[in-house]
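**Q** Each chain, letter by letter, is given below.
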Amino acid sequence: MVKEIERKGIAVVHVCTVTPISLTVGANRIVPAVAIPHPFGNPKLSPQEEFSLRKKLVERALQALATPVSDQHVFEN
Amino acid sequence: MEQKRVVVYLNQFFGQIGGEDKADTPPQSTDKPVGPAVGLSALLPKNCTIVRTIICGDGYFNENLEEASAAVRQMLKELSPDVVVAGPAFNAGRYGMACGMVGKIAFELGIPAVSGMYPENPGVETYRPYLYIIETGNSAASMRTALPAMAKLAGKLANGEPIGAPAEEGYLSRGIRRNLFAEKRGSDRAIDMLLQKIKREDFTTEYPVPHFDRVEPAAAITDLSQATIALVTSGGIVPKGNPDRIEASSASRYGRYSIDGIDSLTPEAFQTAHGGYDPVYANENPNRVVPVDALRELEREGRIGKLFPYFYATVGNGTSVANARAYAQEIAAELVNEGVQAVILTST
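Residue numbers (the working numbering), protein chains in the order written: chain X, 1 to 77; chain V, 1 to 348.
To be clear, the hints were calculated from the coordinates, so they are not data collected in a lab. Please note that a few of the clues may not be correct.
Just a few of them, taken from the derived set where beta-carbon distance is under 10 Å, the chain V residues facing chain X [to be verified]:
#1 GLU168
#2 VAL209
#3 ASP223
#4 ARG303
#5 TYR327
#6 VAL340
#7 THR348
Covered stretches of chain X, as calculated for chain V (at least 3 residues, CB under 8 Å) [claimed, not checked]:
#8 5 to 17
#9 35 to 44
#10 52 to 59
#11 62 to 69
We treat Cβ as the ideally placed atom computed from N, Cα and C, and that holds for glycine.
All chains should be modelled from the sequences, with the hints used to inform the complete structure.
**A** Shown next, in the form of C-alpha cells:
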C-alpha cells in the first residue's frame with residue numbers, strides 16, 4: 001500500500017513495529033512503532049504519558065516526511 | 001541407520017499455549033512434540049526423532065527480535081540437531097518472519113532448516129536464502145499437504161541426501177544457482193525454448209528475470225505547516241459496528257471514514273476489525289493505531305497545515321498483495337485529487 005501511494009508522488013511514512021517486513025515490501029521512509037497491537041501507544045503508561053509518547057512518535061513520522069531520502073531509511077530515535 | 005535429531009519451532013498458537021492473548025510469550029521448549037510436531041513426527045523417516053519443540057509468541061519474537069534470536073540460538077547450540085523444522089506458517093506474517101529468522105539462526109550454526117509458507121508471506125522474501133521453504137496454501141487448511149512435503153525434505157536434509165530443484169521438492173526458489181551437467185548444450189536448449197514459445201507451448205525458463213518493484217522516494221515535504229496530511233492504516237480501525245463489514249482476515253475491501261470535527265478516536269465510536277493481533281489495546285483506545293488525537297493537537301499548534309478529514313482503513317491480516325495494491329491505488333488517486341501531500345500509514 002505504501003508503494004502504490006508513493007508511486008502517485010505522495011510522500012509516505014510507514015509507521016510499524018516489524019520494520020524488516022516494511023523493508024522487504026519496499027517502504028522508503030520507515031519509523032519503528034511501539035508494539036504490534038499498539039503501535040502508537042503503551043497501555044502500561046498513564047493516559048498523559050501515553051499521549052505524549054504518541055505525539056513524539058507522530059512528530060518523528062512528520063520529521064521523516066520532511067527529510068529528503070534517496071533510498072530506504074529507518075528513522076530510529 | 002544412524003539416529004538423527006530434529007528440533008521443531010512453533011508459535012504460541014500451534015504450540016498450544018494460547019491465542020493472541022499469549023502472543024507475548026518468550027521462547028520456551030518442551031520435550032514432547034506438540035501440535036503439528038505430532039503429525040510431523042509420524043511422517044519423518046524412522047531414524048529421525050523430534051528431540052525438542054521450541055515455542056515462542058509471534059508478538060514477542062517480532063517485537064524483541066534480538067532477545068528472541070539469542071534465546072533460540074542458545075537452545076539450538078545446546079540441542080545441536082541435524083535439522084530444524086519451523087512452522088508451517090502459511091500466510092501468517094509475524095509467524096513467517098519468526099520461522100525465517102529461526103532458519104537464519106540455524107544457517108549460521110551450520111544446521112539445515114525447513115519451513116512451510118504461502119508465497120506472499122513476508123518471511124519468504126526476507127529469509128529465502130537461509131532455509132528451504134515448502135510452498136503451502138494461505139491457511140492452516142493446507143496443513144495436510146504441507147507436513148508430508150516438509151517431513152520428506154527434513155528427512156533428506158538430516159540424512160545428508162542430495163536436494164533436488166525447487167519444483168521437484170516443492171520448495172520456493174531460494175535464488176541459488178547450482179552447476180549441473182546438461183545433455184544438450186545451451187544454444188540447443190535456447191532454440192528448443194524459442195520454438196516452444198513460438199508454438200505457444202509451455203516451457204520452463206532456466207533463469208527467470210528477477211522482478212524488482214521499487215518506488216522512488218517522493219520528495220520531502222518542505223513546509224509541514226502548510227501540508228495536508230492523511231492517515232491510512234492496515235490495522236483495521238473502523239467505526240463501531242464495522243459498517244462496511246471489513247473481514248478480520250483476507251480483507252476484500254477498505255473503508256473511508258470521516259474524522260471531520262473529531263478530536264480523538266473514542267472507544268465508543270471506533271474499534272478494530274483486525275484479526276491476528278490482540279484487539280484489546282486498539283479497542284480501548286483506537287488512537288493507538290490511528291493517532292488522530294496527536295495529529296489534532298499538532299494541527300492546533302500549527303505544526304501541520306491540516307489533517308485530511310477522512311482516514312482510510314483495511315485489515316492487513318492475510319490480505320493478498322494484489323488486493324492491497326488495488327485498494328491503495330484507489331486511495332492514492334483520491335488523495336491526489338484532494339490535494340493531500342503526505343500520508344502516515346500505520347500497520348499493526
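**Q** Now, for every hint given, state plainly whether the structure supports it.
**A** Evaluated hints:
no.	hint	in the structure
1	GLU168	violated, 27 Å
2	VAL209	violated, 18 Å
3	ASP223	holds, 9 Å
4	ARG303	holds, 7 Å
5	TYR327	holds, 7 Å
6	VAL340	holds, 6 Å
7	THR348	holds, 5 Å
8	5 to 17	holds (count 13)
9	35 to 44	holds (count 8)
10	52 to 59	holds (count 5)
11	62 to 69	holds (count 6)
Figure legend: structure checked against the earlier numbered hints; hints not met, in rising order: 1, 2.
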